[in-house]
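Just so you know, we're using the numbering used here here: the sequence shown kicks off at 278 and counts up by one.
Honestly, the hints are just simulated from the structure, not real lab data. Take the hints with a grain of salt, since some may be wrong.
Below, a list of computed lysine-lysine pairs in the PhoX-like style, where the Cα atoms sit at most 25 Å apart [unchecked claim]:
(1) 1197 with 1249
(2) 1298 with 1140
(3) 1308 with 1155
(4) 1356 with 1298
(5) 1249 with 1268
(6) 796 with 738
(7) 1101 with 1122
(8) 1398 with 1446
(9) 1246 with 1081
(10) 1077 with 1241
(11) 761 with 748
Computed from a predicted model, the values in this text were never measured in an experiment.
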Amino acid sequence: NLERWQSLAVFTRPFNYPLSQNSSSGCRKVINRLAHFLITKSLFPHTTNSNNYNCFIYCSPSLKFYCDILLGVFKKYKVTKCELAIKMKLNQNIVIGFFVTCSLITFCLYAYTSSTINAIISPTSCPHMSTHYDNAVLSIKNILSIMEKNPDHYNKEITLKLSEAVRILTIEITSESNNIHAADVNNGTLIKSVNSSLKDSATTSHTLYACPEKFLHAKYGDPYFMSGSWQTEDCGSIKPISEILTVIFLTSEDNPCSEKENKLMIKFLNLYPQLPILIGASEKSVCTAHNDNINVVKFSSRTKLGDKLNSLIFEVKTPLTLITRNLDDFNWLARLERQLSVFSIEPSAIIVGGSIRNKTGHWQAGCYQTEIRQYILKYTEGYYKSKHECMYCDHLIGPFIAKSKYLKVHKFNENMDDDVVYEDFFLNIKQSDESRLILACPDVMYHSTDPWAELRTSQRKTWFSLSAKWKLNRIILPDGTIHKFSCAESNLDCKGLARQVGAMMMPLCCRDALINGYKVFHEFSVKHGVMYQIEGGSALGAVKLNDIIPWDFDGDGSYYKDKMELFAKEMNWTNSDGEIYVDHIKFKATGFFYVSTPHAFIEFWAVPKLSLDASNLTDLFHETPTLIRIGDAWVYAPPSPGLYARNYYGNEMLRHSNSYYHLGRGHWYSPYNMKLNKKIVIAFVLFCIVIANCLYMYKFGTGNSVNLSPSYSPQMSSLCDTAVLNLNNILSIMKKHPKCYNKEIALKLSETVRILTVQGKDAAAASSKVACPEKFLDAEYADPYFLSGSWVTEDCGPLKHISKILTVVYITSKDNSCSKSENKRMLKILKLHPQLSIVLGAPKKSDCTAHKYNITIVKYPSKSKLGGKLNRLISAVKTPLTLITRNLDDFNWLARLERQLRVFSIEPSAIIVGGSVRNKTGHWRAGCYQTELRQYILKYIEGYYESKHECMYCDHLIGPFIAKSKYLKIHKFNENMDDDVVFEDFFLNIKQSKFGRILACPDVMYHSTDPGTELRTSQQKTWFSLSAKWKLNRIVLPDGTIHKFSCAESKLDCKVLARQNGAMVMPICCRDALINGYKVFHEFSVKHHVIYQIDGGSALGAVKLNDIIPWDFDGDGSYYKDKMELFAKEMNWTNSDGEIYVDHIKFKAEGFFYVSTPQAKIEFWAVPKLSLDASNLTDLFHETPTLIRIGDAWVYAPPSPGLYARNYFGNEMLRHSNIHYHLGRGHWYSSYNVSDPFISCKVKHHACLDQFKKDGNIQFKIPNQ
């Protein structure tokens, strides 16, 4: 009888309800009650013979104890055919991450469910449940946020389910809705009764301020699209707006209650005669109330804006308040009823605003996002999500309506400067409660006095008070302006923060002070010939971050002891930023001193020797010491900084940990430990148990033989290793802290570790070993220089000789083949590895000969490109691994070939392993870059997101590397690519193929000839061939340089792409051509006094994106028909970028023509009237037409662009859909349907539309547009 089956997943959190019989009586009662309900009320209501049914209980391994209880209860009710199945299937890679959240969600929903039966574990009766709710909501929102910003992680179905869970968990359930009687439960299933109670609570506790609207059809809005498309539904009696809304208006300081302001009040009262208005004016003003519903509140001239607003809000007696921020004019386009309706249909909304039109007609949607993190506040124009045709925002720049109750509780800051009081207010909302929504509806339009309707950006001092309150060192504005603030301006005390427990990151001003200290000290050292090196945490930060570790508030260094006298004499230095001085604490005895700034200090110790004195190093390192970057300072470092850091800090030193003294470890020799501290152990217990359960079920629960070994699944390999590491950490903590110990959990975790470890060993045994593994002993075993001693190689049996494993591929220079320097290089390699095979490439005409039996010379035509040369050399390789000596300048033991071979042994997914790079001037780089290829843009980012085995996972390397020969022979270098970018193309191919992983181990160091060891950035032409192959319009380099490429340079044809099926977004060069057409047409129109407006998809794109819709390959517009003759005469225009011309298709008959560029076209239609001729609009819109931004062009638009778009496109028009004709709908009147998925590409491409989310505009922003 499967039709009657009802299922309910029950999960619990083991660390809150320990899996022991004595401590779980409460949960036992819950399960008993639930089983009783399922059996008697839902599963078997019409029969007493329960043996007719089969029962399967699906349960995760860690919850088997509870499932056994449930099984026993079922048997008690004589449901004897019950089986307990410990299994679950993984359906996609990201399910493990989501499983954590889903466990929390399900438990919370289960708590709601139980509360409907007897409120056993409801939030009100169990106070500890509030933590579960908070954690669940926070977890889900974090996941949704990541999915919104990273389309690769996006999954529509999961997003919808998680969003619904957030909605349910954030609903304020009244005590009445919790008290559901048994009779209500008997009327339906348990789940239905819960859903019903939630729905009832949402409706009964929420007030309707306006009746909802229903979209009829776009054809009812024609010809102006200012009204007609939507119909207000009948929802019964609604309170008059005068009982719902109060207007707050502040008069100007200079001319309070002027004629202009009085006119503004009259305009309000003409539209809403009974609307209460509170006017704030200075005490010396002559403002008086001319109407019964106007009240005047007077203030001292010194009263700040925040205080004024709070005083006015205190007088409000309606549930909603309109704050008339920067209001310049008022008319029906403000659509107050529309904003009220949003409060009615969106219970989480606390503020609703609209778009902005300033005095010059320029229109903005007015929605901004804020990110506040690590002492940086960043404003971004746009939205990630929309609903009810409104954008979800963090910050609004115009007038808005807010819930009065909220305004009275969360008041405006009365000490904040007037210019930023709203910025502070919106930040407070976001920080206090992210579940409360701020919305901007672009179909609502206010007239604002704020120039260009943007944040005030003119002066840095505007932001001082905000910086001081929020402790901000940087404020980044939407136009890219960055304001920097010192520690004093931000009220930050670095030395005070340094004494805290290490839970906070260092302010940027403290970091800047430390870097400043390094700069001055380095300049002094170079001037006086002092050799020193950074050490400890400073060296580790430079290796990992090219910066200071953000939670390490001091610096570390050493210098030669014989320089003590010099430092004793030179105790004070100054620089442009203030005094830098030496504190001589313990100076005479030990030579220890501080290099101090007002906000930070660097510790220096006098030592007899530095790392560069190691006996196995050449004089090169004394002559040219290694330099490493810390921020924008280059300082002396150990000879191989990465090797030093690995020997100092040991296992997984590229991952992060608190400073040893913050963890209660008194000495730096304490192992670098990423174990969880006591505060976060609970979160990791849940995370690791869930991962272990998922892997356990994946192995044993599917009923099939599943190979978990890393060699079979590289992704699962990484997952297994991470799980084992975290599980071992948890078991260790549980042993040390009896309160955290649970015997049953410990046993299950130990068993899981055993299973995963066995899998890993089996896989390692199956793969061919090329090097034995290493074991980290301790930093105290290292030599004084930290270049060896900390690690010991374990015995793993016989290994093949390196000459049987690795071949060196070396290409001679074009100008001086087989020169003396190149021969020396070969000899250095052979001196360290005498039997190593070398394949040497040289031009046919060169006199290169093999002086050793293990050197093979392969000659090629002198005109051969680098890709062809490499492929020819690689074809001669007979070993499984190949060393590509890219840009090699010198060679010594610091290249540590065995270390790279070892990585291949322990990381089967690795196909390329490289290292750090040191150039001729000593400058050191980790050499690891990430690439992002999307929407015709390639972006390089220096750094790493993930590490393993003390190596960084990379997309691109800039130095020599070892690769699997088999891969190189199959995935060859491009023989047509320019030499300068052949490796860039090669690494892009690897990332696109997803064949394996690329790693860079910073303890491996190569000497490179590449100047600055960075990507070549000097000339745009360097990148032409890469742009043409990969169809790139932008290449963004690590230093921020942006190279732009035209359609011709990128070999893109916009008109051909436009004829495809709509599965790809438009190239940026096609977009630029369209915008260029708009610019020239607008200039022509202004010059000849032609009024026009953009229409259709162009208007929608401008409203949603401030740009062209990226998959709409043409533009749309209309103009007055009486201007046809003008356009007939003026058929050709030119501008600096080339010819813009008018195609007169159907011109004589209908006035239709194209404004064409070589790559794009805009359709224009002659019409008798435009939207600004609608009868209910004033002459203002003829005198100053509304302007809207498309890219960097401002063009004429309908009077209220957002209202036009909503009436044209209807429901959820801020979300995205393919063009109607691509969906097989022949007419633009066809409904705009956002439920349709994007059309998928037949072949995967970086411009495929289906990789984008169907909501939000920030994802489409183009760098440096």
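Here is how each hint holds up against the structure:
no.: 1; hint: 1197 with 1249; in the structure: 30 Å, violated
no.: 2; hint: 1298 with 1140; in the structure: 20 Å, holds
no.: 3; hint: 1308 with 1155; in the structure: 36 Å, violated
no.: 4; hint: 1356 with 1298; in the structure: 28 Å, violated
no.: 5; hint: 1249 with 1268; in the structure: 14 Å, holds
no.: 6; hint: 796 with 738; in the structure: 28 Å, violated
no.: 7; hint: 1101 with 1122; in the structure: 21 Å, holds
no.: 8; hint: 1398 with 1446; in the structure: 8 Å, holds
no.: 9; hint: 1246 with 1081; in the structure: 18 Å, holds
no.: 10; hint: 1077 with 1241; in the structure: 16 Å, holds
no.: 11; hint: 761 with 748; in the structure: 12 Å, holds
Of the hints listed earlier, those the structure fails to meet are numbers 1, 3, 4 and 6, in rising order.
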